[in-house]
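Number of protein chains: 2
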Amino acid sequence: MGSSNTVRKLQVVSPVPADIDIANSVQPLHISEIAQELNLSPNHYDLYGKYKAKVLLSVLDEVKGGGDGYYVVVGGITPTPLGEGKSTTTVGLCQALGAFLDKKVVTCLRQPSQGPTFGIKGGAAGGGYSQVIPMDEFNLHLTGDIHAITAANNLLAAAIDTRVFHESTQSDRALLNRLCPPNKEGKRSFNDIMFRRLKKLGISKTKPEDLTPQEVKKFARLDIDSDSITWRRVMDVNDRFLRKITIGQGPEEKGMVRETGFDISVASEIMAVLALTTSLADMRERLGNMVIGNSKAGEPITADDLGVGGALTVLMKDAINPTLMQTLEGTPVLVHAGPFANIAHGNSSVVADKIALKLVGPGGFVVTEAGFGADIGTEKFMNIKCRYSGLTPQCAVIVATIRALKMHGGGPEVVAGKPLDRAYLTENVALVEAGCVNLARHISNTKAYGVNVVVAINMFSTDSQAELNAVRTAAISAGAFDAVICTHHAHGGKGAVDLGIAVQKACENVSQPLKFLYPLDISIKEKIEAIATSYGASGVEYSEQAEKQIEMYSKQGFSTLPICMAKTQYSFSHIPSEKGAPSGFVLPIRDVRASIGAGFIYPLVGTMSTMPGLPTRPCFYDIDIDTTTGKVIGLS
Amino acid sequence: MGSSNTVRKLQVVSPVPADIDIANSVQPLHISEIAQELNLSPNHYDLYGKYKAKVLLSVLDEVKGGGDGYYVVVGGITPTPLGEGKSTTTVGLCQALGAFLDKKVVTCLRQPSQGPTFGIKGGAAGGGYSQVIPMDEFNLHLTGDIHAITAANNLLAAAIDTRVFHESTQSDRALLNRLCPPNKEGKRSFNDIMFRRLKKLGISKTKPEDLTPQEVKKFARLDIDSDSITWRRVMDVNDRFLRKITIGQGPEEKGMVRETGFDISVASEIMAVLALTTSLADMRERLGNMVIGNSKAGEPITADDLGVGGALTVLMKDAINPTLMQTLEGTPVLVHAGPFANIAHGNSSVVADKIALKLVGPGGFVVTEAGFGADIGTEKFMNIKCRYSGLTPQCAVIVATIRALKMHGGGPEVVAGKPLDRAYLTENVALVEAGCVNLARHISNTKAYGVNVVVAINMFSTDSQAELNAVRTAAISAGAFDAVICTHHAHGGKGAVDLGIAVQKACENVSQPLKFLYPLDISIKEKIEAIATSYGASGVEYSEQAEKQIEMYSKQGFSTLPICMAKTQYSFSHIPSEKGAPSGFVLPIRDVRASIGAGFIYPLVGTMSTMPGLPTRPCFYDIDIDTTTGKVIGLS
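In the order they appear, the protein sequences are chains A and B. Each residue of the first sequence is one higher than the last, beginning at 1 in my numbering. Each residue of the second sequence is one higher than the last, beginning at 1 in my numbering.
Worth flagging that the hints you see were computed from the coordinates, not collected in a lab. Keep in mind the model is a prediction, meaning the values are calculated, not measured. Beta carbons: idealized from backbone N, C-alpha and C, even for Gly. Take every hint as true, because none was put in to throw you off.
Calculated Cβ distances over 10 Å to all of chain A for the following chain B residues:
#1 Glu33
#2 Gly410
#3 Val415
#4 Arg422
#5 Ala440
#6 Thr462
#7 Asp591
Going by beta-carbon spacing under 10 Å, a handful of chain A positions derived as facing chain B:
#8 Gln114
#9 Asn191
#10 Thr260
#11 Leu280
#12 Val314
#13 Gly417
#14 Phe620
Here chain A stands alone, though its shape is the one from the complex (with noise of 0.2 Å):
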C-alpha cells in the first residue's frame, strides 16, 4: 500500500510517553477512509461511531473468487505476567508491511476483556508507538460483541434452571401444553424449534395431541440431571466473589438450590463458537448443539432442547461481523473472538481471517494473533482454528523477550506491580542463553507444523547487544527461518521493518504442507496425550472424574473432536514456577469438558481459576473522565 492514502508518519519522541497519551496524540481517521483503502463500499460495513465499523459477513459472498494473502500467526515464548508484547509486535509488524513495506496488510486482533482493562493487566491494543486507536474505544465495550455474549449465555443459563423448576412441578401433559399453547382457534401445534428437538428423538408426528403419553413425556420432560450441568454464568469482570456460589435461596425457587459459579465472559462456549464459526447458518447450528448437561439417563441437552438456540444467534447476529479500526499508522485492524488461550482456545476469528486474506489478496499479508505462548495459542490455532477454518499459514513468529528469557534461564520470579529484579535490567548473556530452551522447544513445536518460524526478539532499551545476539544464535540453531530485533515500541512500523521482510520472505519460502499435531480418529486420551508430549511430559494421569468425563462423551459421540487443553500459560507443564523447556513430567488431567457447538473437548490440567481477582488497587483506580474534553484518562 504504498499508494496507500490512509497512511500516517509518525512523529516519534523519546523516552516513549504513555500509552493513552501516544494514542490521544494521533488524530484518527474516519474509519470510512480506511474501509475505502481496503475497497470496501459503504454497504459493506456499518459505523458504530466515527473510527469503528463492523465489516458484514456478505463480504466474504463477493470476494469468493479471489485469491488468499500470506497468513501469519503471531504467538509467543512462554510469558512473564507482565506479558512480552505478543499483541504489539503483531500491530508493528503490521505497521512495517503496510507504512514502509508497501505490502497490502490487515492485523486480526482479539477483542480485550473489560476484566483485566479495570483489574492489573490494562487494555490490549498494543503500546507504545504500535497501538489500535482510538485506544479506549478498543479497550471499552468495543461494538458490543463481550456483552452479547454475556447476555447470550446467561438467557441459556436462565433457561436452564427454570426449566429444571417447572419439570419439578408440572406432569407431562402439563409440560406439553404450556410448551404448545393453543391458538385463537383452539389448536395447538409445534413450532420450528420444537420439530429439531422430534427429529433428535425419532418422533416425526407433526401435532401434538398425536404423541402417546411416552413420547410426551420424551418430549416434553428435559428430566436434566441437575449435577451434570456444565452451563455456567458468565459476566466479564474480575469478580472472584462469584468462583463458588449456591444460587436458587429465594423462597420462590422453593429450596431448589444449586452450586454452580461465574466464568469470566471470554471463557464461555460462545466466544469460542463464534472464533470458530463460518457463516451465520453455521453458527444457528453451533449455538443451537451447545451441550448444558445430561438428562437423568445420561443423554446430552443441547440449547435447541431448550428452544432458545435461535434467541442466542438473534442475541450474536451482529457480534458476527467483525470490527474494523486502524493502527496509529493508519493500516486496517479487525478486531473479533476474545483472549485468554490458556482457558479459552484465545484466537481471533475464522470470519475476520477469511475476510482478511481476500482483502489484501495473493501477495498481502494478514497478521493473526494467537494468545499467549505458542504451547497453547499456536498450538489451539493450527489444530483447531485451521481444522475448522480450512486455511493454510505460511509462517508463525514467536516474539521473545531479554526479560522473559532471562526468568526462563533460572532469573528470579516477576511479579505483575512489584519492581523488576535487578538481574532484568543489566547485562547478564549466560541467564538469557540458558532461557533460549524454552525458545528453542517453541520453534520446534510450530515447526513441525509445516510453517516457517521467524522469531521476534521485541528489544527493551535495557537489552544488550550480547544478549540480543546470544537470541539470535540460538533461535537460527534451533530451526528458526530466521531471528530480528525489533523496535516496533520505540519506533512504531519503522521499528520492524526488519521482521516485516524476514516475515515477507518466510511466506514465500515454505516448503511444507500444514500438518496437524494429531489426528480426530484418534481417541480422546490419545489426542491428549500427543498435545502432553509436545508440553515435554512423559505420561498423563486422568482423575477419575477425567476418566468418568472421557468415558461419557465416547460414549456419546464426541470422541472425533479436537482438544482445547487448559493449562496455565507460564510454564511448557501444568506448574506455573516450571520455566524453561521441563520433561519428564506426568501431566494431571483433573476434569474433562466438552463444547460441542463450539467443536472441542478441553482437558483441565491442574487448576485452573476461570474468573479472575481484582488486587487491592486496580487499574480502576486511575481510569476517569477528563468532563471538559470528554476524553477518557488513566487508562494503560
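Assemble chain B onto chain A, guided by the hints.
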C-alpha cells in the same frame, strides 16, 4: 413538519398483521435523513449502523439559546398484565402530530429490557401501525446502554467484595502501601480519586508519608459492614435463580461467604443516574456519590471511596448519549434510559427530553413516556424527574382501554398467556362504568400537578361505541381536559389525529404552574405519607427495618431527597388484586433503601421482586433468525 422529507405514508392492512411483519414491511430511512430533518449535522451524532445514531450531548451547548417545545408525558391507568398500549399510544400520537398535523415532534422512549423481550412480555417498540423501527434493533442491544450499565454496576460490586476481602488480611500500613505504590523513583503519592476521599475525611495532607497512623487507618481502611451492603449485582436476563444467592464459596475466598442477589439491570441505580443526570460532569459526581453501604461506624461508603467512580463514568460515557431512531411514519424517536417504574423510576432520560425540546423548538412537541400507571410512572416523572430537570410539562396523557376498565369494574382476572374471558370480548357498559373509578383517580391525581389531562382511549376491535362513550363521559366529569378515542394500532398516526389535536389544545391552554405533590424539606415519612395518600391509603405502616433505615438516612443527611416508591403496578394499593380505586388501606413499608447518587430514597412497598422469572414456554421459543436473509423472526 408538513414539509418534512422523511414522513412516510403507510399502507395499512386489515386485520392488523403481526408487529414484526409490519416492522419488516417498511424500509426505514437512513438515520442521517431523520437527523437532518432535526437540523442535526453529522458532527452532532455517531452512527450505529444505518438506522440508529447516538446524538451527542454536546448538541445541548449549541441549542442552549433556543426556546423549548411543548412537553407531554404519557402515563396510563392501572394496567392489566397485558399492558394497555402506552408505548403504542406514545408512538401513534407522535405519528399523528408529525405526519398529519405538520408539527415538529420527537418521541422519547425508554430502551426495553431484554429480560421481558425473551421472557413473557415481548418487546416494547409499540405495536401494530404505531412502532419504532427497526423493531429488532430497538429490542436487542440497541446501542449498548443497558450492557454498559450492567458492566459498571458489576464492576462496583466486584470492587466492594474484593475490598472487604483484602482489608481482612492486611494491616492499615500495608493497605496504604498497596493503594499508593512507589513510582520508579520510589516515591508514593495519592491520585485524584484518593483526594476525593481525603477531602471527605477532612484530611488536607497531600503525601502518604505525612499521614498519622490514625489517618492511615481512616483513609486506607473502608471497614465496610458486610451486613449493610445494599449494592447488588445485575443482569439483563430474567434469571429468578439469582434472586437470592450465596457468594464467595470458592476456596481462595477463605470462607468469606455472604448472602446477596441479582436484580434485573434496569433496576440498577446506575440506570436511575443515567435517566436523571444532566451532563457528563454531573454524571461523574452522581456515580461517585452512589452509596453501597456503611462502614462499621455507620458512615456511608461511596463508589469514590472505593476508587471506582471515574471508571464507572468511563464505562458510561457513550451511554449518556440518547439513541435516535424513527417511527413507522418517519418521525424521529430518542431512546434512552429504561423501564420498570414499579421497582425503578421508569422514565426516559432528562437529557433526551432536554435535547428533544430544543430540537423541536417553540410550537413543536416532545412526547415522553412514563412507565405503568400514573400512580407510579407519572408521579415519579413529576416529583423526581421534573424536579431535577427543571422542565415543565403542559399536558399529561392517560392511556385507558376498555379491557382494563372492565377489570377495574370487577371483571375476571386477566392472566398473560391465558385466553381472555368472554366478559372482555362482549359489550358490558356497566362493567366499564364501574371501572372508571380507576381512571378518575388517575385523572384527579395527575391534574393536581397543574397540567391538563387528556385521556387516550386505545380502542380494540371488540370495544362497543356505548362502552367508549361511557369512558369519555366519565373522563370529562373527572376533570379531564378531553378524552379521545384512538385507533393508531390499526391505522397509524391517522388513527390518533384527534388525540393530537386535543393534546395541542391542552398544551396551549395551561392555566396553572407546575405543583409538586410534596416539598423536599419535610421528613422522609411525611413525603412517603403524601404519596400514600394519593394512592388512597389511610395510613402507612413501617416495619422495624424501615424505621431503622429512615432514621439512619435522616441522620446521614439524606432526608431532603425525593421519594421513589417501589410498588406493584397492578393496583393503587400494595395488593395487586385490589382493582378500581381502593381506599382506607394501610400501606406497608417493608424496607427503605437509598439511591444517593441518582438522588432519591426508595421505600419498598410490600414484597416487590427485582428480578423477573421465565415461564415454562418463554418468548424465546419463537425467536430465530432466517439465516438466508439475516432477518429476525418471531420477535413480538
